[in-house]
Amino acid sequence: MKALILVGGFGTRLRPLTLSVPKPLVDFANKPMILHQIEALKATGVTEVVLAINYQPEVMLNFLKDFEAKLGITISCSQETEPLGTAGPLALARDKLIDDSGEPFFVLNSDVISEYPLKEMIEFHKSHGGEASIMVTKVDEPSKYGVVVMEETTGQVEKFVEKPKLFVGNKINAGIYLLNPSVLDRIELRPTSIEKEVFPKIAAEKKLYAMVLPGFWMDIGQPRDYITGLRLYLDSLRKKSSSKLASGSNIVGNVIVDETAKIGEGCLIGPDVAIGPGCVVESGVRLSRCTVMRGVRIKKHACISSSIIGWHSTVGQWARVENMTILGEDVHVCDEIYSNGGVVLPHKEIKSNILKPEIVM
Amino acid sequence: MDSSDKVVAVIMVGGPTKGTRFRPLSFNTPKPLFPLAGQPMVHHPISACKRIPNLAQIYLVGFHEEREFALYVSSISNELKLPVRYLKEDKPHGSAGGLYYFRDIIMEDSPSHIFLLNCDVCCSFPLSSMLDAHIKYGGMGTMLVIKVSAEFANQFGELVADPDTHELLHYTEKPETFVSDLINCGVYIFTPDIFAAIEDVSINREGRANLRRLSSFEALQSATRTLPKDFVRLDQDILSPLAGKKKLYTYETNDFWEQIKTPGLSLRCSELYLAQFRHTSPHLLASGDGIKNATIVGDAYIHPSAKVHPSAKIGPNVSISANVRVGAGVRLISCIILDDVEIKENAVVINSIVGWKSSLGRWSRVQADGDYNAKLGITILGEGVAVEDELVVVNSIVLPHKILNVSVQDEIIL
Chain A
1 MKALILVGGF GTRLRPLTLS VPKPLVDFAN KPMILHQIEA LKATGVTEVV LAINYQPEVM
61 LNFLKDFEAK LGITISCSQE TEPLGTAGPL ALARDKLIDD SGEPFFVLNS DVISEYPLKE
121 MIEFHKSHGG EASIMVTKVD EPSKYGVVVM EETTGQVEKF VEKPKLFVGN KINAGIYLLN
181 PSVLDRIELR PTSIEKEVFP KIAAEKKLYA MVLPGFWMDI GQPRDYITGL RLYLDSLRKK
241 SSSKLASGSN IVGNVIVDET AKIGEGCLIG PDVAIGPGCV VESGVRLSRC TVMRGVRIKK
301 HACISSSIIG WHSTVGQWAR VENMTILGED VHVCDEIYSN GGVVLPHKEI KSNILKPEIV
361 M
Chain B
1 MDSSDKVVAV IMVGGPTKGT RFRPLSFNTP KPLFPLAGQP MVHHPISACK RIPNLAQIYL
61 VGFHEEREFA LYVSSISNEL KLPVRYLKED KPHGSAGGLY YFRDIIMEDS PSHIFLLNCD
121 VCCSFPLSSM LDAHIKYGGM GTMLVIKVSA EFANQFGELV ADPDTHELLH YTEKPETFVS
181 DLINCGVYIF TPDIFAAIED VSINREGRAN LRRLSSFEAL QSATRTLPKD FVRLDQDILS
241 PLAGKKKLYT YETNDFWEQI KTPGLSLRCS ELYLAQFRHT SPHLLASGDG IKNATIVGDA
301 YIHPSAKVHP SAKIGPNVSI SANVRVGAGV RLISCIILDD VEIKENAVVI NSIVGWKSSL
361 GRWSRVQADG DYNAKLGITI LGEGVAVEDE LVVVNSIVLP HKILNVSVQD EIIL
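Chains as they are written, first to last, in UniProt numbering: chain A, 1 to 361; chain B, 1 to 414.
It is worth saying that the hints were derived from the structure and are not from the lab.
Please read all numbers here as calculations on a predicted model, not as lab measurements.
Some hints here could point you the wrong way.
To be verified - Under the rule of at most 30 angstroms between Cα atoms (straight-line distance), these lysine-lysine pairs were calculated in the DSS-like manner:
#	chain 1	residue 1	chain 2	residue 2
1	B	Lys247	A	Lys356
2	A	Lys351	B	Lys375
3	A	Lys351	B	Lys229
As the list claims (entries may be wrong) - DEER-style ranges, computed between Cβ atoms:
#	chain 1	residue 1	chain 2	residue 2	range
4	A	Gly253	B	Arg67	47 to 55 angstroms
5	B	Pro310	A	Gly278	26 to 34 angstroms
6	B	Glu65	A	Glu358	44 to 52 angstroms
A virtual CB, placed ideally from N, CA and C, is assigned to each residue, including glycine.
Please construct the entire structure, taking both the sequences and the accompanying hints into account.
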């Protein structure tokens with residue numbers, strides 16, 4: 001089986017993290033975002049993954065080389081030279097996706113994190129016999145999204161309504177598709193939208209079916225949702241494989257700690273914290289609702305909440321970092337400094353307090 | 001001055017209606033007893049007086065309740081082996097009026113000179129050298145003066161002095177336009193002739209009031225406008241009229257000087273007094289290297305009854321009062337921690353004053369920008385304030401007995 005992952009653009013919404021690496025390589029729960037998808041695909045039996053990407057394909061491929069061997073999966077890139085929307089990249093990668101098998105292929109959106117029930121999706125696809133399956137997820141405020149109106153018992157999609165003013169349903173497109181190769185015949189090689197142009201036509205022919213995604217779903221394309229997404233992900237991990245979560249008297253709630261990270265005495269960690277490889281958390285540190293990426297050092301008595309600490313950064317003694325502070329790669333917060341919502345670009349030293357949310361260039 | 005001549009010192013301590021700018025810290029302690037560098041504010045001028053040769057007595061004059069000063073006055077008298085007495089005015093008389101009101105008591109020992117100090121100034125009080133200069137000038141009074149930057153001078157009494165003779169040539173209180181960058185420090189020395197000068201003001205005022213009783217309308221007006229005859233201000237009523245009459249002289253200090261108007265400035269003054277301790281009372285300064293005692297950076301005072309965990313880091317400019325408990329991994333920078341406060345593990349306090357019996361939770365953070373003159377430049381927690389774990393309080397004033405369960409910034413919490 002094959003799969004296409006829509007990687008897309010520069011990931012500007014996740015800056016300053018995406019100033020250092022392409023968005024799919026930004027760590028989420030101690031693993032590059034795209035690995036969550038690739039591993040789920042591999043577990044479902046996918047052998048070949050195509051990344052639809054429009055910048056830095058060499059950085060991506062270099063990085064993924066190790067994983068190709070480790071996972072036994074082929075990864076290639078299909079590079080857009082101009083933005084092709086959400087459907088155009090499928091046409092561009094047509095030759096890589098079509099083979100003699102005639103099997104359907106997955107299309108995944110790289111911004112999305114969920115439990116990836118891909119095996120169930122294959123079953124669903126086989127059972128309805130239509131041309132395409134999409135995953136939908138229930139949301140509280142459907143007016144912000146494109147709503148999928150479907151027949152509840154069979155899942156047959158009737159129509160798509162973009163940002164409805166009146167309630168038409170609460171299921172939205174979750175960005176996970178399983179498509180028969182014939183769908184590619186419906187897509188021209190030009191900038192085009194899969195939700196607005198391709199799916200409505202298939203739906204009109206009653207060949208599009210939607211499956212409600214069990215479990216959580218989150219678009220983690222921006223920092224606030226990234227932090228919420230980590231909470232949902234760790235909640236799900238608690239239910240499915242709680243042995244991966246840290247435990248101990250200094251741990252509160254769901255926490256993952258890489259085995260190479262060191263944690264000092266008198267710390268209180270959690271809930272909803274990810275501590276990456278090679279991190280050093282010194283004694284008396286408080287961490288809650290935050291991600292601490294690879295190679296970070298948190299010095300004694302510092303306190304961090306609701307923030308993301310980028311790769312190889314340091315947070316000084318008695319520093320306080322909170323309220324959606326995002327430290328880019330290699331940022332150094334000096335001792336005793338307070339950052340309230342500072343968004344700091346890579347390679348900076350923070351020597352004075354940031355009292356109100358602001359961007360530090 | 002004869003070696004047998006006695007001198008006395010009078011320290012004006014004001015009263016409860018005077019300390020409003022010092023709220024919320026003046027709600028439960030008279031401002032003169034608020035600790036700076038771990039010692040009551042009034043302790044610093046008293047210690048300076050103790051260094052004057054032939055000092056016979058110190059009088060504290062004000063209109064606070066006597067019981068508020070009773071304990072302090074008896075303990076300091078014992079400590080210094082010097083009689084210190086609190087004299088309560090029946091009402092505010094002004095600084096010169098207060099002195100005059102107690103003239104019989106002050107003159108009991110027939111002193112040759114009387115020091116008059118305002119309690120709410122913070123300086124090195126170079127009293128002995130001031131006395132030498134006064135005797136050399138041969139006038140009725142000598143006042144301590146200091147040069148400040150022209151933009152701040154108008155908040156104080158501005159004056160002009162003769163550069164050669166140091167005579168006071170002109171004096172004006174808080175002028176609207178710039179007069180001089182020399183200001184009055186609120187520290188004086190007088191011969192007993194000062195009492196006659198104050199009496200003259202009283203008599204003149206009475207006479208003027210009689211003369212002006214021309215119409216009932218004007219009498220009504222002047223009754224509200226004219227001050228009572230026993231209220232005599234030192235600055236407007238004595239210094240201004242006597243300037244340029246070869247009676248008053250100035251002694252300029254090049255040391256530090258601040259007026260302790262607000263809680264924010266008390267933190268600044270605490271810093272100045274701690275620095276002075278290096279020369280005058282080094283035994284009061286804490287030391288520690290983080291092994292047996294907490295790590296100390298710069299100047300800090302820690303009361304012997306306070307318990308500070310060895311893993312805490314303290315200073316510079318920190319004063320910790322009696323029975324304070326400072327937990328493991330706490331960081332204190334530029335702050336005054338008042339009696340019975342509890343600071344739990346890993347909390348941080350920067351540029352703040354933490355009121356009596358307050359408690360700060362684990363990983364809580366109380367801080368401010370440190371601008372002593374800004375309204376919210378120093379964070380002040382009143383008595384019995386509780387800050388819950390992990391909260392942040394920035395640039396705020398919290399009135400007594402509040403429990404904070406959310407973080408606050410740039411706020412006054414009633």
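Range hint 26 to 34 angstroms (beta carbons of B:Pro310 and A:Gly278) holds or violated
Between B:Pro310 and A:Gly278, where Cβ atoms are some 30 angstroms apart, the hint holds.
Sort out whether A:Lys356 lies within 30 angstroms of B:Lys247, counting only the CA atoms.
violated (57 angstroms)
Between A:Lys351 and B:Lys375, is the straight-line Cα distance small enough, at 30 angstroms or below?
holds (24 angstroms)
Given a hinted range of 47 to 55 angstroms, is it respected by the beta-carbon distance of A:Gly253 and B:Arg67?
holds (54 angstroms)
If you draw a straight line from the CA of A:Lys351 to the CA of B:Lys229, is it 30 angstroms or shorter?
violated (59 angstroms)
Range hint 44 to 52 angstroms (beta carbons of B:Glu65 and A:Glu358) holds or violated:
At roughly 50 angstroms between Cβ atoms, A:Glu358 and B:Glu65 fall inside 44 to 52 angstroms, so the hint holds.
Of the numbered hints stated above, those contradicted by the structure are hints 1, 3, listed in ascending order.
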